[in-house]
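Colleague: Now for the letters of each chain:
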Amino acid sequence: MSESDQGSVTHWIGDLKVGDLAAARPLWERYYGKLVVLARARLRDLRKTGAEADEEDAALSAFNSFCAGAALGKFPKLDDREDLWKLLVVITARKAFAQAGRERRLKRGGGRRAVEPDPEAGGLELIAGDEPTPEFAAMVAEEFQRLLDALPDDGLRDVALRRMEGYTCDEIAERLGCARRTVARRLDLIRKTWSHVEEPAS
Amino acid sequence: MTNPPGGRAADELSLARKVHAACERFEADWKASGRPRVEDYLGPPDDPDRPALVEELAGLEIELRRTAGEEPRRREFLRRFPFQADVVARLFPDETEADRPPENATACPTTVKLDRPSASTPPTGGERFGKYELISELGRGGMGIVYKARDTALNRFVAIKMILAGALADDGARARFRREAALAAKLEHPNVVPIYDVGEQDGFLYFTMRLVEGGTLGDHLESFRADPTAAAGLIETLARAVEYANEQGFIHCDLKPANVLIDRDGAPRVTDFGLAREAYRQSDLTASGAVLGTPSYMAPEQATGDRQAIGPATDVHGLGAILYEVLADRPPFRMNTTMETVMQAIYCDPLPPSRRRPDVPRELEYICLKCLEKAPADRYPTAEALADELARFIQGDPIDASGPIQKLKRWVRREPEIVARLAGLGLVSLLTEVNYRFVSSTPNAAARFRVQLVLGLWAALTLLFQWLQRREWGRDRLQGAWIVGDIACLTMLLWILEDLDTPLLIGYPLMVAASGLWFRARLVWLTTGLAIAGYVALYALAGLDWGRGSLGWSQPDALPFANVFVVCLALCGYVVARVVGRIKAVGRYYEIRRGG
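Going down the list, the sequences are from chains A and B. Residue numbers in the first sequence follow the working numbering, run continuously in steps of one, and reach 202 at the last position. Residue numbers in the second sequence follow the working numbering, run continuously in steps of one, and reach 596 at the last position.
Chain A extracted, bound-state conformation (with noise of 0.2 Å):
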């Protein structure tokens, strides 16, 4: 397998292969840091309107911690097949995707019959190649903070911070004081709840 077919998050938002971990984790480490500081910007821009209200935005603040952690070496990992990252990731490039495709269609009009592309393969290059674009991180960070105010409770949003920070199950356990069972168990419905918010508008 060349390089250059490891060029894209396609493959560890697709089909990640054991194999190919070790190979895809510099990428992935790139592209995170790229994309979380991008998103941050996005959200800055976005907010400056109410610039006060800065501290008190959950979103903002996640993506600052998540850009600092960056910047100290610290990633989420990749290879959790559920990894919160990747959903996120997968879920605002269905969206990117879905809208693309109403753009197309929109000016195609009649006459040529375009290739639809595949949704989970090359389809989602065009939105998230191996350098993510600004328009894409915006659309992360707005997708980002709407599955957070998805989540019932504040308990579920911590875990779903601090696993996104990358912490494991055993620390988030430790700092938050309770069973790591409860920590997967959360996890488990945070990751239930974002695929069925998903759902509606796919």
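It should be emphasised that the hints constitute simulated quantities derived from the structure, not laboratory data. The structure presented is a predicted model; accordingly, all values stated were derived computationally and were not measured. Each statement offered as a hint is correct.
Quick list of in silico lysine to aspartate or glutamate cross-link-like pairs, EDC-like style, CA-CA up to 16 Å:
1) Lys-374(B) to Asp-349(B)
2) Lys-18(B) to Asp-188(A)
3) Lys-18(B) to Asp-153(A)
4) Lys-192(A) to Asp-11(B)
5) Lys-34(A) to Glu-165(A)
6) Lys-148(B) to Asp-197(B)
7) Lys-192(A) to Glu-12(B)
8) Lys-31(B) to Glu-63(B)
9) Lys-74(A) to Glu-165(A)
10) Lys-31(B) to Glu-174(A)
11) Lys-186(B) to Asp-197(B)
12) Lys-74(A) to Glu-171(A)
13) Lys-34(A) to Glu-135(A)
14) Lys-74(A) to Glu-29(A)
15) Lys-18(B) to Asp-40(B)
Facing chain A, from chain B, some residues (calculated, C-beta under 10 Å):
16) Ala-9
17) Ala-10
18) Leu-13
19) Leu-15
20) Val-19
21) Trp-30
22) Lys-31
23) Glu-56
24) Leu-64
25) Thr-67
Short derived list, chain B residues pointing at chain A, Cβ under 7 Å:
26) Glu-12
27) Cys-23
28) Glu-27
Note that beta-carbon positions come from the ideal geometry of N, C-alpha and C, so glycine has one too.
We have chain A; now place chain B onto it with these hints.
Modeller: Chain B alone, transformed into the frame defined by chain A:
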């Protein structure tokens, strides 16, 4: 299994939410007060989500206890959750089953394959089980798990039911169960699922029967509900099959929609004949309480454990319960806890189906309620008599509907709160009248009028609360308001009588005692508090009159007894609350034994 794929994710999410909520409460309670019991967070025992709840909650308890330095054992959890043996096995993945006696290796020397990590874990799909190849799980019940399987010797598909460890207590019970199943295998009727084989394999008792793949009656209720004649025809068919088995000496004891299978041609077939019965006979042994029937469909003689009374009329009750669910879209008895459901099965008549669905034909409702009569003697004596009656209904002939006395009896049992109040009020009103006309030497027309007025108001209030109750008003609020209304009426009555020395004061302790029938210690204390408040108010009013030195308070001697009376009321409340507490403790014990 039968969910459409679209609703699957939503179901999974709601299950995850439910499990999450229960676990969060459990962990919070654990931190706050130490040692909550998993069993208190599970909800009703027939909840299909129970295995998932048990898995997370028990897993949480195990982790919390390990953190506290304890070493929870698999054996303990198997005892607490005997019907979730597979779940418990997952929670203790590396503990080997040391509790089991060694298997009798000579039983099936050629085919036994003991390569599962634990012999108490039921096998899963795709595995080989003796001469059977398990294909997929069809369902689970209190007693065991049913799989679709292929008989490799005869090359045919069968349904195989594994009896879970714990459903039958000891070797004697297992031997009897096998004998009973062997006898039941002789039953031959087009509407009875035939038993092929019974045996033991890898430590599991099992029996095989014909594979009926159209699902249970529970999946087909809707189609019968729209057509009362079809419903009557269905129950008639079932009744004739039950009659056949009853004649051969088999009593089913657990008739319910889940035990009626519908085959591809739409014909109903009764399953598990003769098996619940044997398990039932063993119900004084550990954990087999769960196979004593299903509370929501249970006949009172089963619920009270009156084994002598179990007979063909028990199965008539079961058939009536199926008919009830077909007509009313819910089982005859259903409350929040097993204890309340069982209490309902013993004492209360179900709401007539027409209350829930006004288009239910009256005659069919009569037949249904007659099957569900509390005393076996009041039901149809045999399933055949029921079948004949249903046949008359289908043909449009007059049925042998029960008379007004039976209806009155049912009403009394169905609405005990109303009947007790109205009867009591009527009696007091009558006695007031008698006293006024014949007994009293100085009749007081004005007082009589006011007393009767208050009694009338009280009766009206009772009917209002009954109406609210039927509209499913919040239970707790309603009960609280009802108590306040009762105490207010009684206090008003006593105030009119202007006499603290009246025997009617017995009304206060009477109400405290009656509040115990709701099985809520909180309500008992509320009643006690209100009774004391009412009495103190009367006392103050009497004192006021006395202060003016005019009418009332003819017996100042009574005053010193007031404090004694108040203390006695409080004591009465305490005793009733204790009784309620004890009954609930027994109820909880029963619930644990029913299957964790």
